[in-house]
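J.: Letter by letter, the chains look like this.
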Amino acid sequence: MTQKSLVDELQQLQLAVELIELGARLQVLETETEISRARLVKLYKEVRGVSPPKGMLPFSTDWFMTWQPNLHASLFHGFYRRLKAQGASRMNAFVKAYRFYLEHVGEDEPVLALTRAWTLVRFFESDLLEVASCKTCSGHFVVHAHTPSHDYVCGICQPPSRAGKTAARRKAREELALEQTAAVASLG
Amino acid sequence: MMSSLLNDIQSVNLSYLLLVQRLLVEDTEMALVRLGLDQEMADLLSGMSVSQLVSLSSCNQLLCELALDDASQLKGVLQGGRDQDFSAMHTAMLLNARQNDAGLRQGGVS
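So the protein lines, in turn, are chains L and S.
As numbered in my numbering, the first sequence has no gaps in its residue numbers, which increase by one up to the final residue, 188.
As numbered in my numbering, the second sequence has no gaps in its residue numbers, which increase by one up to the final residue, 110.
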C-alpha cells in the first residue's frame, strides 16, 4: 500500500460516512473513494448498524424516463449542474445537490434514492442522458441522449393521462374524504 | 396607511439582507443556489456592516424581486400537474433552469 496522506484519508472517510448516511450502496463508495472494500463494509456496519445490501445496481436509463422519476431526477440534476457551474468539485456538488433534493421532497422515502442519483450522474458523464428544455415552461428535464428535443414538453406541463393515479393515492384520497365528512358531521 | 406599507417594504429589505448574510455564513455554495447570486455579489453582501445594511434597506422599493420573472412561466407553474400540486417542485426546476441558462450564456462550465 502506498503512503497516503492522513488528511486525505480522513476526507475520504468523511465522504464515505456522509454517503452511507444518505443511503449509498457499497458500489458507490468503492468507485468514489480509495478505501478498501473490507474497510467500507466495516464502516457501513458501524454507521447503519446492518450489513450492506448485496446485488447489482440498477443499470437502466429507462427508469429515469418514467413520469415521476423523471421529475425527481430532473430536479436533482438541476441542483447538481448549478453547484458544478459555481465551481464545486464533483462529489461535493453531488452531496449538496442530493441534500437540496431531500430538503425539497421531505426525507422519508424519496423517489430518487442516493444510489439512483449517482447512477444518473454517471449516465450523464457517459453521454447516455442529456437535458432538454420544455417548450412550454422552459424547465430543464432529463432525456435520452440524441433524441430530437425541440418539441419537448415536460411531464408537469403535460402529464400522461394516468399519471399519479395509483391505487395508494386513490385510497389516501378516499380516507381523507371520509375524515373530512366525519369532521363536518361532528361540527354539525 | 402609506407609511405602514413603506415600513413593511423597508423591513422586508432588511430581513432579506440579513437572511442573505446568515445563509452565506452557513454554507456559501448552497447559499448561492438558494439566493441565485454569484460569488462577487455574495462577497460584497457578506462584507456589509449593519449600518450599511440599514441604509441600503431604507429604499422605498423592494431590493429583492420575484425570481420567476416571466408571466407565462408563472402561469405554467399554477396550471401544471393537473390534479397534483407540483407548484413548489416546478418552481425549483424553473429557477434552476434559469440560473443554468444564465451560466451557459456567460460561458460557464456545463
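Any given hint might turn out to be false.
[Unchecked claim] Where chain L lies over chain S, by a calculated footprint (3+ residues, C-beta under 8 angstroms):
#, stretch
1, 8-16
2, 24-34
[To be verified] Not everything, but these chain L residues come out facing chain S in the computed CB check (under 7 angstroms):
#, residue
3, Leu15
4, Lys135
5, Thr136
Think of the hints as simulated: they come from the structure by calculation, not from any bench.
These numbers were taken from a predicted model, which means no experiment stands behind them.
Glycine included, every Cβ here is placed at the ideal spot set by N, Cα and C.
J.: Give a verdict on every hint.
T.: Evaluated hints:
Taking a C-beta to C-beta cut-off of 8 angstroms, the stretch 8-16 of chain S contributes 0 residues in contact with chain L, too few for the three needed, and the coverage statement is violated. Under a criterion of three residues with beta carbons nearer than 8 angstroms to beta carbons of chain L, the stated coverage of the stretch 24-34 of chain S is upheld, 5 such residues being counted. The interface hint given for Leu15 of chain L is violated, since its Cβ lies 15 angstroms from the closest Cβ of chain S, which is over the 7 angstroms cut-off. Given the 7 angstroms rule on beta carbons, the hint for Lys135 of chain L is violated: about 11 angstroms separates it from the nearest Cβ of chain S.
The beta carbon of Thr136 of chain L comes within 6 angstroms of a beta carbon in chain S, closer than 7 angstroms, and the hint placing it at the interface holds.
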